[in-house]
Every structure is written in C-alpha cells, then in structure tokens.
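Asker: Those letters in the sequence shown? Residues 1 to 174, by this note's numbering.
Note that these hints are calculated values from the structure, not bench results.
Each hint should be verified, as a subset may be incorrect.
What the hints assert, rightly or not - List time: in silico DSS-like cross-link candidates among lysine-lysine, alpha-carbon distance up to 30 angstroms: (1) Lys26 with Lys72; (2) Lys72 with Lys36; (3) Lys72 with Lys149; (4) Lys36 with Lys26.
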Amino acid sequence: MKKTSLILTAFAALILSGCAQVSSVKPGTPIADVIKQYGSPDITCPSRDGGRRMVWTQQPEGETAYALSVSKQGIVGAPQQVLTEQSFSILGNGEVWTRERVHCEFGPPANITRDDWGDDQQWIWAYRYMRGQGDAEIMYVYLGNDGAKVTKYRSLPDQTRNDDIAGGITLYRW
Numbered sequence: 001m002k003k004t005s006l007i008l009t010a011f012a013a014l015i016l017s018g019c020a021q022v023s024s025v026k027p028g029t030p031i032a033d034v035i036k037q038y039g040s041p042d043i044t045c046p047s048r049d050g051g052r053r054m055v056w057t058q059q060p061e062g063e064t065a066y067a068l069s070v071s072k073q074g075i076v077g078a079p080q081q082v083l084t085e086q087s088f089s090i091l092g093n094g095e096v097w098t099r100e101r102v103h104c105e106f107g108p109p110a111n112i113t114r115d116d117w118g119d120d121q122q123w124i125w126a127y128r129y130m131r132g133q134g135d136a137e138i139m140y141v142y143l144g145n146d147g148a149k150v151t152k153y154r155s156l157p158d159q160t161r162n163d164d165i166a167g168g169i170t171l172y173r174w
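The task is simple: from the sequences and hints, build the whole structure.
Answerer: So, in structure tokens, the structure goes:
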C-alpha cells in the first residue's frame with residue numbers, strides 16, 4: 001500500500017510540475033534557475049542591449065508562448081505572453097520584419113506552409129493563439145516567395161478548434 005501511495009504521489013507531482021509555466025517566473029530570477037526549472041527555451045536570440053531574448057512555446061498544439069528578456073548579467077525580466085492579438089500588432093509598425101526577427105519575437109510557428117497559387121507565392125508561418133472570449137485563432141505571417149521578410153499578416157479563426165466553423169452543431173453561443 002505504501003509503495004502504491006508513493007508512486008501515485010510521485011505521478012501527481014510530475015503532472016503538476018508539467019502545468020507550471022515560464023509565466024510564473026519572478027523578475028530578477030537568474031536565468032540558470034529558470035532553465036533548471038523549466039528546461040531550455042525553444043529559441044534564444046541576442047537582444048540589442050547585449051542581453052538575450054528567450055522564448056518557451058507550446059506550439060504547435062498550444063496557444064501560448066512566453067518570452068523572457070535576459071540581461072547581460074543573466075537576470076530575467078517579467079515574462080511576456082507573445083501569442084496575443086496585441087503582440088502580433090507589432091508586425092504593422094512600419095519596420096522591416098525578417099524571418100529571423102519574427103522567429104525571435106514569437107518563437108517557432110505551429111506550422112510552415114508554402115502557398116504556390118498564382119503569381120503571389122508565399123511562405124506562410126502559422127501561430128495558434130486565443131483571442132477575446134476564448135476564440136481560437138491562427139495568425140498567418142506571410143514571408144514572400146523567398147521567405148526572407150514579412151509581406152503581410154492576418155488572423156483567421158482556427159477551423160479545427162472552433163465548433164461553429166469545423167462543422168459542429170453549435171451555431172450560436174448563448
């Protein structure tokens with residue numbers, strides 16, 4: 001009985017630790033402690049101030065990705081959820097957004113496809129995210145024929161996660 005109880009307790013602790021996210025990291029924590037607790041980030045990029053930007057993501061199936069700014073001294077700032085409508089709006093700031101910059105800002109996409117229809121051939125990076133009252137969306141970031149820089153972006157409902165669109169019987173939510 002003790003052995004079974006011990007196994008169940010260990011299993012419950014493992015499940016609960018899997019629920020912990022980088023979102024709970026306190027600013028001022030050493031990055032070594034963050035990596036020890038949450039594992040290596042999915043992407044690490046140098047930042048303009050000499051530090052680093054690190055992104056942990058739940059893509060391709062999840063809808064969240066958290067970024068941490070890490071100072072030159074190895075201390076983290078507040079976690080930022082980067083897969084939001086507000087975060088994606090930065091793509092329209094008038095600056096040139098390269099493939100690398102998108103990757104460093106939002107992390108790896110849920111998927112990458114190529115639109116080969118007609119003359120407007122584009123590489124498309126798709127990011128899953130939640131909008132508003134729990135509406136599942138996908139942000140499509142178009143990177144041109146050579147995949148080098150953003151040409152446009154747009155959000156559409158995630159057809160696989162919204163019953164109204166995917167053929168479910170729910171037409172209206174009351």
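Asker: Find the hints from earlier in the document that the structure breaks and name them by number, from lowest to highest.
Answerer: Of the numbered hints, all hold.
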